[in-house]
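Student: From just these sequences and the hints, can you work out the full model?
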Amino acid sequence: MGRLVVLEGLDGAGKHTLTGRLLAGLTARGARTATVAFPRYDADVHAQLARDALQGRLGDLPDSVHGMAVLFALDRRDAAEGLRGALAAHDVVVVDRYVASNAAYGAARLRQDAGGEFVAWVAALEVDRFAVPVPARQLLLDVPRAVAAERAAFRARSDPGRPRDRYEVDAGLQDRTGAVYRGLAAAGWLSPWTVVDGAGAVDAEAVAEGLLQ
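Under the numbering used here, the first residue of the sequence shown is numbered 116, with each subsequent residue one higher.
Since the hints were made in silico from the structure, they are not lab data.
What you were told as hints is all true, and nothing was included just to trick you.
Pair ranges (Cβ atoms, derived):
(1) Met-116 with Arg-144: 15 to 25 Å
(2) Pro-307 with Ala-235: 13 to 23 Å
(3) Gly-197 with Ala-286: 30 to 40 Å
(4) Asp-175 with Met-116: 34 to 44 Å
(5) Gly-197 with Ala-261: 28 to 38 Å
(6) Ala-294 with Gly-182: 15 to 25 Å
(7) Tyr-156 with Asp-312: 27 to 37 Å
(8) Thr-142 with Gly-174: 41 to 51 Å
As the structure is a prediction and not an experimental result, all values here were calculated from the model.
The beta-carbon is built from N, C-alpha and C at its ideal position, and this holds for glycine as well.
Tutor: This is the structure:
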């Protein structure tokens, strides 16, 4: 059975870039790898509904913190069987965003911390009720909110089909989400965490090596 490795961080933290570099590093070391990114906007109706809500096309749905969290959780529930299959066939499955994203953003919206009720509710929903695979390791790509915001803005300018959503443009929410992420990492929520400084160049080779130890 392979190891489920999750990359977490703010919008614009650089998770997509690091995912590619980690996969290259792991493959160079002989590991069989697979990857998936959440939300799966091109593959799951729940993710598509969440995207539409965050872009203002579904009325007051995004006002419900728990309602949005259920949509994101249902996306992962739908993907759970495929993830289990990937873990059976590969040494490492690298996931860009996972359960901790739901916990961090929802808790931040409710102005709770990593030890609050919402984080526990997400774990009960996704891990206990939906039985999604539990990560073996989680990496927090920790960057200053201003740096992540500039990267997200640049991505939006470069890709007109990917406008910034309601969460991405809320600076206060991004600040609070970063704090919740750091709290989850410090608590070892669901699995051991490694905090990676993403403000500068990340040594992806060293990170990849550590994932195989």
